[in-house]
Amino acid sequence: MTMGKEFLTIYWREMIRFVRFKGQLFAALVQPALWLLLFGVAMTSNFNSDAIPMPSFPGAVSVDYLTFMAAGVMAMTALFTCLFGGMGLLFDKNWGIMKEMLASPMRSYHIQIGVGLGGVTKSLIQVGLIMGFGLVLGVEFFSGFSAVQTLGAVLGILAFVTAFSAGFIFLSAGLAMRVESMESVQAIMTLLTMPLMFSSNALYSTSSFPQWLQVISSVNPLTYLVNGIRYFALGDDFAAMGTHYQYTGDDIVLSFAVLIVFTGLAFVFSWQAFRNAKVK
Amino acid sequence: MTNSIIEVKDLEHSFGDVKAVDKVSFTVEEGEIFSFLGPNGAGKSTTINVLTTQLPCQAGTARVCGFDVRTDRQSVKKSIGIVFQDEVLDRDMTVRETLEFHGRIYSMPRSVRLAREKELLELVELEQKVDVRTKHLSGGMKRRLEIARGLMTRPRVLFLDEPTIGLDPQTRLRIWDYIKSINEEGTTIFLTTHYMDEADRLSDRIEIIDHGKIIVSGTAESLKNTLGKDMIYLETEDDDKAVEIARAIPEVFQAKRTSKGLELILNTDGSKVMPTVLRSIEDVGIEILSVKMKKPSLDDVFVHYTGREIRDGPAENGLPKLRRR
Numbered sequence: 076m077t078m079g080k081e082f083l084t085i086y087w088r089e090m091i092r093f094v095r096f097k098g099q100l101f102a103a104l105v106q107p108a109l110w111l112l113l114f115g116v117a118m119t120s121n122f123n124s125d126a127i128p129m130p131s132f133p134g135a136v137s138v139d140y141l142t143f144m145a146a147g148v149m150a151m152t153a154l155f156t157c158l159f160g161g162m163g164l165l166f167d168k169n170w171g172i173m174k175e176m177l178a179s180p181m182r183s184y185h186i187q188i189g190v191g192l193g194g195v196t197k198s199l200i201q202v203g204l205i206m207g208f209g210l211v212l213g214v215e216f217f218s219g220f221s222a223v224q225t226l227g228a229v230l231g232i233l234a235f236v237t238a239f240s241a242g243f244i245f246l247s248a249g250l251a252m253r254v255e256s257m258e259s260v261q262a263i264m265t266l267l268t269m270p271l272m273f274s275s276n277a278l279y280s281t282s283s284f285p286q287w288l289q290v291i292s293s294v295n296p297l298t299y300l301v302n303g304i305r306y307f308a309l310g311d312d313f314a315a316m317g318t319h320y321q322y323t324g325d326d327i328v329l330s331f332a333v334l335i336v337f338t339g340l341a342f343v344f345s346w347q348a349f350r351n352a353k354v355k
Numbered sequence: 006m007t008n009s010i011i012e013v014k015d016l017e018h019s020f021g022d023v024k025a026v027d028k029v030s031f032t033v034e035e036g037e038i039f040s041f042l043g044p045n046g047a048g049k050s051t052t053i054n055v056l057t058t059q060l061p062c063q064a065g066t067a068r069v070c071g072f073d074v075r076t077d078r079q080s081v082k083k084s085i086g087i088v089f090q091d092e093v094l095d096r097d098m099t100v101r102e103t104l105e106f107h108g109r110i111y112s113m114p115r116s117v118r119l120a121r122e123k124e125l126l127e128l129v130e131l132e133q134k135v136d137v138r139t140k141h142l143s144g145g146m147k148r149r150l151e152i153a154r155g156l157m158t159r160p161r162v163l164f165l166d167e168p169t170i171g172l173d174p175q176t177r178l179r180i181w182d183y184i185k186s187i188n189e190e191g192t193t194i195f196l197t198t199h200y201m202d203e204a205d206r207l208s209d210r211i212e213i214i215d216h217g218k219i220i221v222s223g224t225a226e227s228l229k230n231t232l233g234k235d236m237i238y239l240e241t242e243d244d245d246k247a248v249e250i251a252r253a254i255p256e257v258f259q260a261k262r263t264s265k266g267l268e269l270i271l272n273t274d275g276s277k278v279m280p281t282v283l284r285s286i287e288d289v290g291i292e293i294l295s296v297k298m299k300k301p302s303l304d305d306v307f308v309h310y311t312g313r314e315i316r317d318g319p320a321e322n323g324l325p326k327l328r329r330r
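Keeping their order, the protein sequence lines are chains W and B.
Counting from 76, one number per residue, gives the positions in the first sequence under my numbering.
Counting from 6, one number per residue, gives the positions in the second sequence under my numbering.
Hint data in this document are derived by calculation from the structure and do not stem from the laboratory.
Nothing here was measured: the structure is a model prediction, and the numbers come from that model.
Just to be clear, a hint being listed does not mean it is correct.
Claimed, not checked - Okay, derived cross-link-like pairs now, EDC-like style, lysine to aspartate or glutamate, Cα gap no bigger than 20 Å in a straight line: (1) Lys140/B <-> Glu190/B; (2) Lys353/W <-> Asp91/B; (3) Lys234/B <-> Asp245/B; (4) Lys265/B <-> Asp243/B; (5) Lys261/B <-> Glu242/B; (6) Lys140/B <-> Glu89/W; (7) Lys300/B <-> Asp274/B; (8) Lys174/W <-> Asp97/B; (9) Lys353/W <-> Asp166/B; (10) Lys83/B <-> Asp97/B; (11) Lys97/W <-> Glu256/B; (12) Lys97/W <-> Asp166/B.
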């Protein structure tokens, strides 16, 4: 069996909708930008006021809070974009052209792959824009990197964001195909986003978490994405907020592998949802 | 073998314990407009969904364009076009994008796609609207766009599920014109509708389905002829007794009770029989409350065979029938 190109048509439609809803795009960017601007800047000025003495670690690059949390905000941007990225399918099912797509000879996995590609593209664009915005605000990424190193670091970040985003867009698409109502999806999403965000290392170190929370953190894909971004943006040895971070190459390969496994599971989850998709 | 484009034999479909379609058999000939009529819940949509492979074929056989819907779904899907009962449009795509998307998911080559889009937009007179998003179209334009989309792939059969539901009378007339011209170009039309005038106007052949079974089939003319030359509707004080009396009159071909009164089918000129009927009933002291005589219409055929008014209650309560949407 040869794979047709129909998924590109689904992708084409996803992208039309992405650029057409400028308001939605704007809103999706405002939230992470506000995190950076308000939370990031506010917390940074607090921590830098010398009221709290921070231990120093010889040899480690010391980074301020804004730089530290910028990686987390980028990861959260990818999370939100993709977690809600499958919602369009629910609209298609209830008020749109899902019937047309399922009645066509196109195999349903084309929808899955097209939507997945669309979600990853949107996520990369938004994460890129947020990173740019952070750099303007004074985030010290890639400090001391040569041009080639910076390029490599950016590619590394993009690879991590891609793997992570694919997982969450498949998860979201699989959910959207399984549930009936908008309300239940929104409930699931709200239930997911909070714990994902706060059990991760996006905004603070997880090293002083109690044991049970560390366990949750260690199965949270967001943690691994943040690891990847920090490794490529800040290097393998840095200190922030009194915590010393050291990454080895193995840590990063492992982080990436975890994301790939997660994406694989999410792919299977949505694959089954699409295979069983029926017209109401 | 005949050139039947759709062959259905002993088709059955159940939803749990409910048998929606019960041993239905019929054929549709290439090039005709075929109407599938029935009250709500009669099994129309279930049958159409099996024929378009959106529901599995549970029992019996169905072949569309020579392909078995059970074993050759892809070939069936490729050779048909569908206009769904509900609106199935992306509100934020333009008219051109809607057609383009359809052509692409059906793997049509670009040059064919573009030529076909142009041709169809002309046919349904939407050339001025190519770059308008579908949410800004009127109900009739949306329907025309959906019909054009159904025709993108030059299907051999076009399934139209209640194509004029909710449209104003002028728009309905225009849609009928499109359906006729599409049919004249050689596309077989499979139509389901609630509107008897629509079926009467368009169809070459009609099947009426109720309770999952085909009740009667034929051309609109032949179906109307089964109800005789004229029909008389009566309401009296004692319908049960009146129907007995009416049956005894030789010119009355058939008399039956309906929920509202009596329905008499006559094979001769009704205006000559009417006085006899009235006199016979009044002679035994039954008062007549109302009388109506008319030529049988397809509506009468429908009511006669499905007893729709019995199931839906008397029409006097003025409640419109609920439409399944």
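Going through the hints against the structure:
1. For a cut-off of 20 Å, the pair hint linking Lys140/B to Glu190/B is broken: about 30 Å separates their Cα positions.
2. Among the hinted pairs, Lys353/W with Asp91/B is consistent with the structure: their alpha-carbon atoms are about 16 Å apart, no more than 20 Å.
3. Using a Cα cut-off of 20 Å, the hinted pair Lys234/B and Asp245/B is violated, with the two alpha carbons roughly 24 Å apart.
4. For the hint pairing Lys265/B with Asp243/B, the CA-to-CA distance comes to about 11 Å; that is within 20 Å, so the pair holds.
5. Proposed proximity of Lys261/B and Glu242/B is supported: the alpha carbons are some 15 Å apart, at most 20 Å.
6. Simply put, Lys140/B and Glu89/W have alpha-carbon atoms about 18 Å apart, close enough for the 20 Å limit, and the pair holds.
7. Among the hinted pairs, Lys300/B with Asp274/B is consistent with the structure: their alpha-carbon atoms are about 10 Å apart, no more than 20 Å.
8. A hinted pair counts as satisfied when its Cα atoms are at most 20 Å apart, and Lys174/W with Asp97/B qualifies at roughly 16 Å.
9. Pair hint Lys353/W plus Asp166/B holds up; C-alpha atoms about 18 Å apart against a cutoff of 20 Å.
10. Of the supplied pair hints, the one linking Lys83/B and Asp97/B is violated, its CA atoms being roughly 26 Å apart against a limit of 20 Å.
11. Simply put, Lys97/W and Glu256/B have alpha-carbon atoms about 75 Å apart, too far for the 20 Å limit, and the pair is violated.
12. Of the pairs offered as hints, the one joining Lys97/W and Asp166/B is violated, with about 36 Å between alpha carbons and a cut-off of 20 Å exceeded.
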